[in-house]
Amino acid sequence: MKSRESKPNGFLEVSIWRGAEEGAFQHFQVPRRESQTVLDVVTYIQRHLDPTLAYRFACRVGVCGSCAMKVNGIARWTCRTHVSAVATTGPLEIAPLDHLPRLRDLVCDMGPFFEKWKQARGAFVPGAVPETGFAAIDPDSPARRQVEAGIECIGCGICYSECDTVAWRPEYLGPAALNRAWTLQNDERDGAHRKRLQAVAGDAGCHACHNQLSCNERCPKKLSPAAAIAGLKRASAVAALKGRL
Amino acid sequence: MNRARLETWLWLINRGSALLLVPLVAAHLAGMILAVRGGLSASEILERTRDNLLLAAFYGAFLLLAGLHGALGLRGFLAETLGWRSKSVDTAAAVLASLLVILGGRALWALYHAA
Amino acid sequence: MGALSRRVKPGHPGYWAAVLQRLSGLLLALFLPAHFALLGAGLHSTEGLDEALAWTRSPLVRVAEAGLVTALALHVAGGVRLLLLEFLGWHAIQKSLFSLACGLATATGLLFALNNF
Chain A
2 MKSRESKPNG FLEVSIWRGA EEGAFQHFQV PRRESQTVLD VVTYIQRHLD PTLAYRFACR
62 VGVCGSCAMK VNGIARWTCR THVSAVATTG PLEIAPLDHL PRLRDLVCDM GPFFEKWKQA
122 RGAFVPGAVP ETGFAAIDPD SPARRQVEAG IECIGCGICY SECDTVAWRP EYLGPAALNR
182 AWTLQNDERD GAHRKRLQAV AGDAGCHACH NQLSCNERCP KKLSPAAAIA GLKRASAVAA
242 LKGRL
Chain B
15 MNRARLETWL WLINRGSALL LVPLVAAHLA GMILAVRGGL SASEILERTR DNLLLAAFYG
75 AFLLLAGLHG ALGLRGFLAE TLGWRSKSVD TAAAVLASLL VILGGRALWA LYHAA
Chain C
252 MGALSRRVKP GHPGYWAAVL QRLSGLLLAL FLPAHFALLG AGLHSTEGLD EALAWTRSPL
312 VRVAEAGLVT ALALHVAGGV RLLLLEFLGW HAIQKSLFSL ACGLATATGL LFALNNF
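Going down the list, the protein sequences come from chains A, B and C. For the numbering used here, add 1 to where a residue sits in the first sequence, where the first one is 1. For the numbering used here, add 14 to where a residue sits in the second sequence, where the first one is 1. For the numbering used here, add 251 to where a residue sits in the third sequence, where the first one is 1.
Calculated from the structure, these hints are not laboratory results. Quick reminder that beta carbons are idealized off the backbone N, C-alpha and C, glycines included. Be a bit skeptical, because a hint or two may be false.
[What the hints assert, rightly or not] Quick list of the computed label-pair ranges, beta carbon to beta carbon:
1. A:Arg245 with B:Pro37: 40 to 50 Å
2. C:Val314 with A:Glu172: 35 to 45 Å
3. B:Ser112 with A:Ala55: 50 to 60 Å
4. C:Val314 with A:Pro9: 27 to 37 Å
5. A:Ala124 with B:Phe72: 47 to 57 Å
6. C:Pro284 with B:Ile27: 52 to 62 Å
[What the hints assert, rightly or not] A few chain C residues that don't get close to chain B, going by computed Cβ distances all over 12 Å:
7. Pro261
8. Pro264
9. Ser350
10. Leu351
With the sequences and hints as input, model every part of the structure.
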């Protein structure tokens with residue numbers, strides 16, 4: 002393993018949040034290497050400098066969504082974030098995501114985040130089976146395209162951490178849950194459209210969104226949760242006008 | 015009315031009033047830029063507004079829409095920035111809207127019925 | 252929430268657009284009562300309105316007026332941008348729309364100021 006690592010090129014100054022809700026930044030020096038990711042830095046610290054450091058990761062290739070952290074103030078997927086892209090010269094500051102209970106060091110309790118997916122009725126509910134036995138969905142239909150636009154969410158929580166509205170209204174469902182709800186509203190096989198709309202309308206749901214667009218800006222998958230939320234706003238407004246909300 | 019439906023309606027009113035206000039504000043801005051040339055005088059203003067039903071209707075609509083839009087905007091600010099999230103914030107917003115419309119109505123009356 | 256969440260997040264154009272929308276809206280809502288009170292001063296006599304208008308001739312008030320006109324233009328142009336995002340889904344060009352709104356607001360404010368001084 003060692004022989005395949007590139008030669009260190011100087012040192013990185015790294016500050017890492019230690020503790021839970023209360024805590025402080027701890028300083029480390031990590032050898033700087035070529036093509037080094039932020040996750041590599043955190044892993045280096047845990048393996049060589051302080052084995053008590055707590056953090057989460059699994060796939061290391063941007064699929065699982067478990068390694069999101071705040072890097073120099075911005076929430077990022079650390080496994081796909083090169084150090085050279087975020088800290089060319091200066092120090093690196095790594096902290097847990099915002100708006101979620103901090104358990105230890107870089108680990109948050111993601112429970113409230115996924116609880117809101119449930120509240121937004123983020124699970125598929127089978128609708129009536131069509132006469133043909135299965136739903137034939139045209140891949141080019143507008144609804145299917147809307148699904149396509151939002152379906153690749155990896156549930157990393159970056160948008161939730163970056164959203165001011167979540168901070169202002171703790172009950173706000175947040176961009177990821179609403180994005181999920183919008184993909185299901187556009188799934189014609191789903192049978193809970195009306196109930197889901199009732200769950201996501203209002204000031205704890207889509208209508209709280211102020212279009213700050215941090216979700217769009219920071220989403221590592223380049224999704225547009227804000228566009229999904231706008232879709233929900235329109236759909237629930239139409240439902241309200243028709244007296245069906 | 016449940017919370018979700020109420021909020022959806024208030025959002026619709028906020029966005030609807032915004033859409034209607036766009037041409038009104040554009041006209042107001044253009045009028046202002048033209049009117050301030052060479053300074054404002056009371057007689058000049060009142061000459062334009064006195065018994066001018068069209069202008070009164072224009073600003074009457076403007077006032078109602080701005081009152082609604084402004085009160086809803088303030089309601090969001092109160093709830094989010096100042097943390098006023100109990101139901102009383104709705105009453106406060108309604109009072110604000112009424113105050114704006116009453117004060118503005120008084121001004122409109124003054125301009126229309128000027129001696 | 253501890254020391255972390257108090258740190259200001261780095262912004263981006265969409266974020267600043269939202270901040271400006273709220274600040275300009277707040278400013279306008281606070282200004283409206285004063286605006287109406289001044290116009291209402293003419294309720295009883297032309298002189299009343301003239302007295303109120305005399306106050307607006309000080310340079311400081313004129314600068315403030317230009318600021319208010321800019322804020323109003325920005326709030327409307329930014330509002331149109333929001334309507335385009337929410338109703339037509341023009342998220343892809345939101346940054347261009349924001350710069351357009353800023354340009355329009357600045358131009359309106361300048362046009363007013365140059366006519367007013």
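A quick look at each hint next to the structure:
1. Restraint check, A:Arg245 to B:Pro37: a C-beta distance of roughly 31 Å breaks the suggested window 40 to 50 Å.
2. The hinted window of 35 to 45 Å between C:Val314 and A:Glu172 holds, with their beta carbons roughly 42 Å apart.
3. Checked against the hint of 50 to 60 Å, the pair B:Ser112 and A:Ala55 passes, with Cβ atoms roughly 55 Å apart.
4. The given range of 27 to 37 Å is broken by C:Val314 and A:Pro9, whose C-beta atoms sit roughly 57 Å from each other.
5. Between A:Ala124 and B:Phe72 the CB atoms are about 51 Å apart, so this pair conforms to the stated range of 47 to 57 Å.
6. Between C:Pro284 and B:Ile27 the beta carbon distance is about 21 Å. The supplied range of 52 to 62 Å is therefore violated.
7. Even its closest Cβ contact with chain B, about 20 Å, leaves C:Pro261 beyond 12 Å, as expected for a residue assigned away from the interface.
8. Under the 12 Å C-beta cut-off, the non-interface status given to C:Pro264 relative to chain B holds; the minimum distance is some 21 Å.
9. At roughly 19 Å from the closest C-beta of chain B, the C-beta of C:Ser350 stays outside 12 Å, upholding its exclusion from the interface.
10. The non-interface label for C:Leu351 is consistent with chain B: the shortest C-beta to C-beta separation is roughly 14 Å, beyond 12 Å.
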